[in-house]
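Order-wise, the sequence lines are chains A and B. In terms of this note's numbering, the numbers along the first sequence are unbroken and rise by one, the last being 99. In terms of this note's numbering, the numbers along the second sequence are unbroken and rise by one, the last being 552.
I should point out that these hints are in silico values taken from the structure, not numbers from a laboratory. Don't be surprised by glycine CBs; every beta carbon is placed ideally from N, CA and C. Misleading hints may appear alongside valid ones.
Pairwise CB distance ranges, derived in the manner of DEER restraints [as the list claims (entries may be wrong)]:
hint, chain 1, residue 1, chain 2, residue 2, range
1, B, E241, A, E56, 40 to 50 Å
2, A, E56, B, L255, 37 to 47 Å
3, B, Q157, A, A7, 32 to 42 Å
4, A, E56, B, A102, 16 to 26 Å
5, B, A548, A, M11, 51 to 61 Å
6, A, E19, B, L104, 24 to 34 Å
7, A, A7, B, A395, 54 to 64 Å
8, B, N451, A, P25, 15 to 25 Å
9, B, F363, A, E56, 40 to 50 Å
10, B, L270, A, M11, 28 to 38 Å
In silico DSSO-like pairs for lysine-lysine, Cα to Cα no more than 27 Å straight-line [to be verified]:
hint, chain 1, residue 1, chain 2, residue 2
11, B, K246, A, K90
12, A, K91, B, K121
13, B, K176, A, K90
14, A, K23, B, K246
15, A, K91, B, K352
16, A, K23, B, K121
17, A, K89, B, K540
18, B, K246, B, K352
19, A, K23, A, K91
20, A, K89, B, K551
21, B, K176, A, K89
22, B, K551, B, K540
23, A, K89, A, K23
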Amino acid sequence: MEAVFLAFVLMLSIFLGFELISKVPATLHTPLMSGANAISGITLVGALTSAGAGLEAWATWLGALAVVFATINVVGGYMVTNRMLAMFKKKEPKAGDQA
Amino acid sequence: MSAALINFTYIIAAALFIFGLKLLSSPATAVRGNLISAVGMLLAVVVTLFSRDILEYQWIIAAAIVGGIVGAVAAQKVAMTSMPEMVALFNGSGGIASLFVGWAALYNTGTTTFTIFTVLLSVLIGGVTFSGSIVAWGKLSEVMPSKAIVFGAQRLVNAGILAALVICGVLFAMDPSLSSPLFYVIIILSLLFGVMAVIPVGGADMPVVISLLNSYSGLAAAAAGFAINNIILIVAGSLVGAAGIILTNIMCKAMNRSLGNVLFSGFGAVKTASKVEGEVKPITADDAYLILEAAASVTFVPGYGMAVAQAQHVVRELGELLEENGAEVTYAIHPVAGRMPGHMNVLLAEANVPYDQLVEMEDINPRISNVDVAVVIGANDVVNPAAREDENSPIYGMPIINVDQARTVFVLKRSMASGFSGVDNPLFFGENTRMLFGDAKASLSSVVAEFKG
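Excised from the complex, chain A in its bound form (with noise of 0.2 Å):
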């Protein structure tokens, strides 16, 4: 039951998925795209249970260096889209221009 469960979850977030994203502009793409990146992170709180639960020194091993490569992507992915988005301006409106 509790595969059928979370399968139902997974296909109602990918429709959710294709109706979010398909109104993006092409001018957000790429911050989209990096934006989402850092969503895709969220394998760090996976890591962050096989890193602390105590399990043998191997599976530990794993999960910190899975901690690591998560952190990377969600601090790296969400920064960046931040620079990215904070040079994204309306046009200053200067004298004479038309609104």
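Given the structure of chain A, go ahead and fit chain B onto it with the hints provided.
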């Protein structure tokens, strides 16, 4: 903290991700959207740290500090022109992290066949994402040759790898012992498969691959979520997976090619276009200035060459001078211009071009015949009229920006070499086309100097 409370917090995190992605759809709200999504991530991470399952923190803290520093420095240092490489590397690190999470899940007690299956899936997708992203990074940064690497038995080799993966997967699932060498074979095959998937893709097709790898990095996280029974990984991972698929599809449409064609065939290997003959009409910066000075509407059409020449700042300067001169200035951007979706938009935004002046292909084409001067900067295939007219051209059918229908076209170009796809461009021989040879940045700078002088 109880498991129920943690799961409820995950629901809030998921809502923040969804809301954040929604706000990313407009330049005015996008910064806030990204921030909201980051808050969702922080919430999910913090609440996980309070989970009863986590017994020791020393490794977590050390690993998070290392990862955080590397990520932050990379994000601050990277030049906007190298953004495709950066995104490829971030994709790759997400992929390898999911591979490790899946791997570590084998050590959990009470693994069922279903768990084993999902572990293998996260290893496969994570591995493909990682090695594929590394190859994509290599091609984009030109550490390795960026053109398509195609060899005869490629499909056979790929089919062999896939078959071996399935066989090893089934055998391992039947006897999932931790020491089984089969598991290592699966990891190696997955990595190999990722390499094989990306090497046949040429540089100009990179927007498709980057989008696809982005999708994979999400799906890898979702698979890892199944492996460790964590619902937030499934939700967030599949949102990203869907987003990547949508972008991939947009990129393929913009090239009028199927995904299979982009991934497996290299480029332009099959057909030879009709030879284009004619006379090119070179122009000097002085004459270009005179024409631009008289123009009432000017459209810039940037391509990857603008990024290479780092010409975006001087383009913006010229654009401003033209506006002061009374001309209407727009920047027309083809969906696949550059090396990743939206690449040109980011470069122009960096150079302070306001986003309301950036127009999409569908918006500029209906009114292109009213444009006095179209200035093509380092773009080639995306403005090649052969895509419209020459049925034998390998790019036939690809939607293009119809600059040849503008009153005058300036093409800034280093020399007469053909574009990335190696296709001749009849635009260069057009009646209304003037070629401004030389480095795009230097050429534009001398036009700017004329305006100022």
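Index of numbered hints that the structure contradicts, given in increasing order: Hint check: 11, 14 and 15 fail, others pass.
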